[in-house]
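Each chain is listed here by its residues.
Protein chains: 2
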Amino acid sequence: MKPALSVIKIGGNVIENKGELTRFLRLFHKVEGPKILVHGGGKEATRLGERLGIRTTMVNGRRITDKGSLEVAIMVYAGLINKSIVSELQAMECNAIGLSGADAGIIRAVKRPVVPIDFGFVGDIVSIHTDALRTFLEIGLVPVFCALSCDKGGQMLNTNADTIASELAIALSRDYRTTLYYCFEKAGVLSDIGNDLSVIPHINKQSYYSLIREKTIGEGMLPKLENCFHALDHSVHKVCVGNIGMLRPNPSAYTTLTL
Amino acid sequence: MKPALSVIKIGGNVIENKGELTRFLRLFHKVEGPKILVHGGGKEATRLGERLGIRTTMVNGRRITDKGSLEVAIMVYAGLINKSIVSELQAMECNAIGLSGADAGIIRAVKRPVVPIDFGFVGDIVSIHTDALRTFLEIGLVPVFCALSCDKGGQMLNTNADTIASELAIALSRDYRTTLYYCFEKAGVLSDIGNDLSVIPHINKQSYYSLIREKTIGEGMLPKLENCFHALDHSVHKVCVGNIGMLRPNPSAYTTLTL
Chain A
1 MKPALSVIKI GGNVIENKGE LTRFLRLFHK VEGPKILVHG GGKEATRLGE
51 RLGIRTTMVN GRRITDKGSL EVAIMVYAGL INKSIVSELQ AMECNAIGLS
101 GADAGIIRAV KRPVVPIDFG FVGDIVSIHT DALRTFLEIG LVPVFCALSC
151 DKGGQMLNTN ADTIASELAI ALSRDYRTTL YYCFEKAGVL SDIGNDLSVI
201 PHINKQSYYS LIREKTIGEG MLPKLENCFH ALDHSVHKVC VGNIGMLRPN
251 PSAYTTLTL
Chain B
1 MKPALSVIKI GGNVIENKGE LTRFLRLFHK VEGPKILVHG GGKEATRLGE
51 RLGIRTTMVN GRRITDKGSL EVAIMVYAGL INKSIVSELQ AMECNAIGLS
101 GADAGIIRAV KRPVVPIDFG FVGDIVSIHT DALRTFLEIG LVPVFCALSC
151 DKGGQMLNTN ADTIASELAI ALSRDYRTTL YYCFEKAGVL SDIGNDLSVI
201 PHINKQSYYS LIREKTIGEG MLPKLENCFH ALDHSVHKVC VGNIGMLRPN
251 PSAYTTLTL
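Just so you know, the sequences run in chain order A and B.
Per UniProt numbering, the first sequence starts with residue 1, numbered consecutively.
Per UniProt numbering, the second sequence starts with residue 1, numbered consecutively.
Just so you know, the hints here were simulated from the structure itself, not pulled from any lab data.
Hints may contain errors.
Heads up, the list lumps identical chains together, so a pair's fine if it works in one copy or across two of them.
[To be verified] Only pairs whose alpha carbons sit at most 25 Å apart, straight line, appear in this in silico SDA-like list of lysine to any residue:
#1 2 x 177
#2 152 x 112
#3 35 x 131
#4 224 x 115
#5 111 x 57
#6 18 x 154
#7 18 x 251
As the structure is a prediction and not an experimental result, all values here were calculated from the model.
The task is simple: from the sequences and hints, build the whole structure.
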């Protein structure tokens, strides 16, 4: 049987709040077996951009990454946030190693096509090279990925953290029985979006389609769930969605997704 | 016999100039055998600090790292510069991995004592943990270190890049026949500071003391050379000082130091 592996993604809202981040890292540290952390950027990049007078350009509600914004993203994601997480984990004696997708050539991407919308320096993942990553896990290191990758010409690219987590989980499922955790501010997938007690404990593909038909799942949650089922369709064993409480030894309610 | 290892440090002046950095990286890529790159920060951190309105405080001509300056250093060294070097090397098919001293717990430091001068968040290295680093070298990765470390409480600390290079070289000399390269803007140790053609080709400890007595070596060069002989005293095989030309297959003049 393949060994277990946990790939855990935390969103911006967990990172934003220093106390919440520390609580998360303490729980993360206690997760047994080989594990990988993927972190988003939070609003830190926007704030730094504002301080530097770099305006965030939005098209159809989506952020455009121009050269200035990319530099800010690299400084905040790979610098400030990544090293703050790594050093805090190291202080807990968790042997973390901070990585962008460029490091050890693990995540190769291409710049997103400029049609229909030119998103700027945004990357779509084309391949994951797991050789070095597997060695890191085998020697007990805990990889901590920020949401950046690079193309074959060496251009760094802003890359969706949810996608990085799912593509890493998929690529490592050849060698590991992989569980993917999406850790965000909500307790899980909710049947009533305003009520944190309405967590749907288990969703499979069949019930997923029913939930869509019944419009139980809000629009914001749809891309996330599509990403989850994409991972399950590509050999990831299980996906869990919830707040950091789902990592407790005695976890609070959260949503488990399986095929 | 131990395998050879090259530890190569580039200073701020090489990094400053994009064309010069690319020329250096092409030569670095061609250096045979396992190798490590250590980079300084350049003036990029000062520039970003200025844009953010963070004033550089100097005491006795030395920079003080307050909280704001440390954040800038982390963003620029571990973020912008480190990832720009890593992605450029990856584009040359050199399998670089960017690291701070915090990553994989490789460099442990303590905050410098506040007496006689409180330099702020500046680290003095107390130990190097080579286990993970040796694995990286064995699987063909090329570690690229920025000038940051962390203490056991998880506090990131600004750390002298020359010292990081020499301490890494020393720690790895147990397992490798290590050559340490200090790559800067001068052609080597000069007998006439204004004349780049006056490179002293070889210095040993005896001639070093003569050069000091005769005041041939300028004050700026003294700490660098002390660092070199410290490394040689602690089992580093050879130290080379010069500009990037010393890495050419047919190198220009540079200074070699041995005991």
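So, going through the hints one by one against the coordinates:
1. 2 x 177: within (6 Å within a copy, 39 Å between copies)
2. 152 x 112: The answer is within: 14 Å in one copy meets 25 Å, while 41 Å across copies does not.
3. 35 x 131: both (16 Å within a copy, 19 Å between copies)
4. 224 x 115: within (23 Å within a copy, 53 Å between copies)
5. 111 x 57: within (18 Å within a copy, 41 Å between copies)
6. 18 x 154: So residue 18 and residue 154 pass the 25 Å test across copies only (14 Å; inside, 33 Å).
7. 18 x 251: within (22 Å within a copy, 51 Å between copies)
Hint compliance for this structure: no hint is broken.
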